[in-house]
Amino acid sequence: MAPDSTNVTLEGFLREQASMGELRFLTCGSVDDGKSTLIGRLLHEAGQILDDQLATLEKDSVRHGTTGEDIDFALLVDGLEAEREQGITIDVAYRFFTTTRRRFMVADTPGHEQYTRNMATGAANADLAVLLVDARNGLMTQTRRHAFVVSLMGIRHVVLAVNKIDLVDFSEERFHEIRLAFEAMSKGLGFASARAIPISARFGDNITTRSPRLPWYSGPPMLEYLETVDVSDTTARPFRMPVQWVNRPDHTFRGYSGTIATGSVRPGDRIAVASSGVGATIKRIVTMDGDRDEANAGDAITLVMEEEVDISRGDVVTSGDTVAVSDRFDANLVWLSEAPLYPSRGYLMKLGTATVAATVTRIQHRVDINTYEHVTADTLRMNDVAHVMISLGTMIAVETYAADKDLGGFILIDRLTNSTVAVGMVTEVAAVGGGVVWQKQEVDKLARAALKHQHPATVWFTGLSGAGKSTIANLVEQKLHAIGRHTFMLDGDNVRHGLNRDLGFAEADRIENIRRAAEAAKLMVEAGLIVLVSFISPYRGDRDSARDLHGPGEFIEVFVDTPVDECRRRDPKGLYKRADAGLIPNFTGVSAPYEAPLNPEIRLDTTSAPADQLAERVVEELRARGLFAG
Amino acid sequence: MTEQTPHLKRLEAESIHIIREVAAECRNPVMLYSIGKDSTVMLHLAMKAFYPAKPPFPLLHVDTKWKFRDMITFRDETIDRLGVKLIKYTNEEARSQNVNPFEHGSYYTHAMKTVALKAALTEGGYDAAFGGARRDEEKSRAKERVFSFRTAAHEWDPKNQRPEFWHLYNGRVNKGESVRAFPLSNWTELDIWTYIMLEGLPVVPLYFTAERPTVMRDGTIIVVDDDRMQFLPGETPTMRKVRFRSLGCWPLSGAVESDALSLQDIVAEMLATRTSERGGRLIDKDASDSMEKKKREGYF
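Residue numbers (the working numbering), protein chains in the order written: chain A, 6 to 635; chain B, 3 to 302.
Bound conformation, chain A alone (with noise of 0.2 Å):
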């Protein structure tokens, strides 16, 4: 089955490569069970381990190796240091080699439960899965794990290796017994298929051929099982194509750039652009290599419309309006951080090729990926997966990801540290607006406020306790009320007495109060008032999302500036002291973070003028800003 090198002829290998399929496949299972050896083994019995590469293996076999006097085929695939010193897989590998029948791609991911969040990456862009098990161990609590990523990832076909066999003296009672467990433990996760193969990948039986050792076993060696699997999914599906890039190198032309996600295109089809509905005719599809007549799912082309229609990244081109728009869902998500998620703080989502702010609104329950036992959650710690409900700034063109990955599959990103945080798969979208129908109302924000002759907006002001928020914030509110202004205040402290009353000083709790707090003055802002919000709101992701709540212009961060230590000395409340005595738990500045705006409208130093100048100083600014005249 390897390509005997010597004999291919540049002819033969065209003709050969017009027709060869693909297989993307990953390896996985519990540590030490042997993946990266398969994989090394899979590389040298296909031939693709070249001299050079070879000798080099032996130097560090000598040097790094757990095989004694033979080749350790792990440190072919464990290409970082730490891994070879440590004898352990942290990140995916991707290798790839070929055999007369298929191409391969294969990621090696790691086992251990730290490293759930790269063994998922290496799920991602796969169609199968070799999941490895030492016939001695039999299932491990990290096989159940594996088996529950790959299934979650959308991955259909398994294929189980029950590895080292030889060590349990090729048993094929042993082999069965294994088989049948994982067949009572896979039973609800969908596999379309599952095969399983004993093997040695150390030794090398079954791997090419079948092994004389193993004569009891009927079925193919992994390779020719991995050559001829069928994994093709052939349903017929709605062309769809999420814009990456308006083409536009002058006014004669202009294009839309993307990859076909599922379906197909041809100049003359009717679409339609999903967030709009509006609809338009293909004139051209447009390749460097000449227009096309057909293009398919997977292609990278750019499309010329007979109509002028606005196009921009993020929206999806549909053959129809087959496509739902929403801005909430469901999904199962993986949560990938660090730091955990608290339900309602703001994060950006990135799916398809749009990106929108996001909040996780709630946690329908944790999944317990050792037992598969759901469990209730209020937050998500990294490798957890969890079922949870998602809401959206904006409404996209969304689709569960059994139906369309391309449409189905997201990413949570942090807004601070712009981490990859959680990856999520849709499992079901809400009807538009969630069910929660809006009523379309006739008088709007603008003509309540011009009524008041102002333009409403949220002058938010943030800093530590003590630093002058509430005392400036009123002085505010009575010079604005004095010029007619009309004026609203949600301080922190009287909106924890009635609205937020249910709520702590956890971190989840402090989210959410600040996310109802920019709810509250939103309402505000669309009767018309000029809102003084005046909130510790120690978390820079939050004021951010309040901030998205509003519209442009329409949010004003005050930044109430004073030192620590000076907050401390004035300790108006004398909170300060008793925090200090640690009598309060998680208190800004002592105990629990603040972090201050980056860029804020105004920015207050306190310690250098007192606080009836400072609040003059708003007032000329939002009158600067355009709030008012006069």
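If you are wondering where the hints come from, they were derived from the structure by calculation, not from laboratory data.
Everything numeric in this text was worked out from a predicted model, so none of it was measured.
Where hints are given, some of them may not hold.
[Claimed, not checked] Listed below are the simulated DSS-like cross-link pairs for lysine-lysine, each with C-alpha atoms no more than 25 Å apart in a straight line:
{"no.": "1", "chain 1": "A", "residue 1": "LYS288", "chain 2": "B", "residue 2": "LYS56"}
{"no.": "2", "chain 1": "A", "residue 1": "LYS288", "chain 2": "B", "residue 2": "LYS67"}
{"no.": "3", "chain 1": "B", "residue 1": "LYS11", "chain 2": "A", "residue 2": "LYS410"}
{"no.": "4", "chain 1": "B", "residue 1": "LYS11", "chain 2": "B", "residue 2": "LYS295"}
[Said to hold, decoys possible] Just a few of them, taken from the derived set where beta-carbon distance is under 8 Å, the chain A residues facing chain B:
{"no.": "5", "residue": "ALA98"}
{"no.": "6", "residue": "ASN252"}
{"no.": "7", "residue": "TYR377"}
{"no.": "8", "residue": "ALA436"}
[To be verified] Negatives, chain B to chain A, calculated, CB over 10 Å:
{"no.": "9", "residue": "PRO60"}
{"no.": "10", "residue": "ASP78"}
{"no.": "11", "residue": "ASP82"}
{"no.": "12", "residue": "ASN100"}
{"no.": "13", "residue": "HIS106"}
{"no.": "14", "residue": "GLU125"}
{"no.": "15", "residue": "ALA155"}
{"no.": "16", "residue": "PRO160"}
{"no.": "17", "residue": "LEU170"}
{"no.": "18", "residue": "ASN172"}
{"no.": "19", "residue": "ASP228"}
{"no.": "20", "residue": "ASP229"}
{"no.": "21", "residue": "GLN232"}
{"no.": "22", "residue": "GLU259"}
{"no.": "23", "residue": "SER260"}
In this text, a Cβ means the ideal position worked out from N, Cα and C, and glycines have one as well.
Fit chain B to the given chain A structure using the hints.
For chain B alone, coordinates are given in the frame of chain A:
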């Protein structure tokens, strides 16, 4: 031009997608252009990604001033032919101190490549840099993401990479930080040559065999490209029929004896070869961890 194979069409489309994502998500991207076969394919894919427009980012060549003369000629011709913008950068400080590959070994590579690259990226304020690296080249590259995050000091933390799913690349960075984007991650050396052949792309003539003046050092064939060659006592150049599988600074590039005169010959030779392409690169031979170390420090 012959029709591309289904596999290469898939790779091409995936790479174009990656290139467009970088252009759309990053504020100020740049494409590292090193003149070799991988850069040739990457640049060609960038031309395809934005056709009929030109790529909306410049190319950057970190010039050590020790490149083969043929490479520089090819570079300038290519830039003219395609009408793209090229930025050239050299570590002039190290150059004025006469840091050179004969006397300064790995310090030369560090100063003229790694340090120069980091300085060029910082100076340009780029938040994304395309590189032509492939996962099949080397073990630590096999581990790298398509969008690979770098700290403000251009460092790579291989133990803590951003998870990456499907085609959803996260190119968001804070000020000073950047991503390196590798559109050719899933291509192999054979894919590159087969693609170049079927696409009929021009490449630097050094990839084709010719009689060239050479010396043999520690089993490596060095081609004498200009009069800065520092000969060892008793060493004189010998004419050999050689070509290169991988191009870099001429005193550090190992040639191979070959009869390949055309792209077809090169692919045919690839199909029969038994050594890896980086075998000819002198800078990778120090230790197995060598490439990872360089990459962590900011090398491409």
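Quick rundown of the hints versus the structure:
1. LYS288(A) x LYS56(B): The given pair, whose Cα atoms are some 22 Å apart, holds under the 25 Å limit.
2. LYS288(A) x LYS67(B): Violated: LYS288(A) and LYS67(B) sit about 49 Å apart, past 25 Å.
3. LYS11(B) x LYS410(A): Judged against 25 Å, a Cα distance of about 21 Å means the pair holds.
4. LYS11(B) x LYS295(B): At roughly 34 Å apart (the allowed maximum being 25 Å), LYS295(B) and LYS11(B) break the hint.
5. ALA98: 4 Å, holds
6. ASN252: 6 Å, holds
7. TYR377: Nearest chain B Cβ about 22 Å off; hint violated.
8. ALA436: With a closest approach of 25 Å, the ALA436(A) hint is violated.
9. PRO60: Holds: least Cβ distance 16 Å, greater than 10 Å.
10. ASP78: ASP78(B) clear of chain A: closest Cβ-Cβ about 23 Å, beyond 10 Å.
11. ASP82: 19 Å, holds
12. ASN100: 33 Å, holds
13. HIS106: 25 Å, holds
14. GLU125: 23 Å, holds
15. ALA155: 17 Å, holds
16. PRO160: 5 Å, violated
17. LEU170: 5 Å, violated
18. ASN172: Label violated. Min Cβ-Cβ 5 Å, cutoff 10 Å.
19. ASP228: 29 Å, holds
20. ASP229: 32 Å, holds
21. GLN232: Per Cβ check, GLN232(B) is outside 10 Å of chain A; nearest 27 Å; holds.
22. GLU259: 16 Å, holds
23. SER260: Answer for SER260(B): holds, closest chain A Cβ roughly 15 Å.
Comparing the model with each numbered hint stated earlier shows that hints 2, 4, 7, 8, 16, 17 and 18 do not hold.
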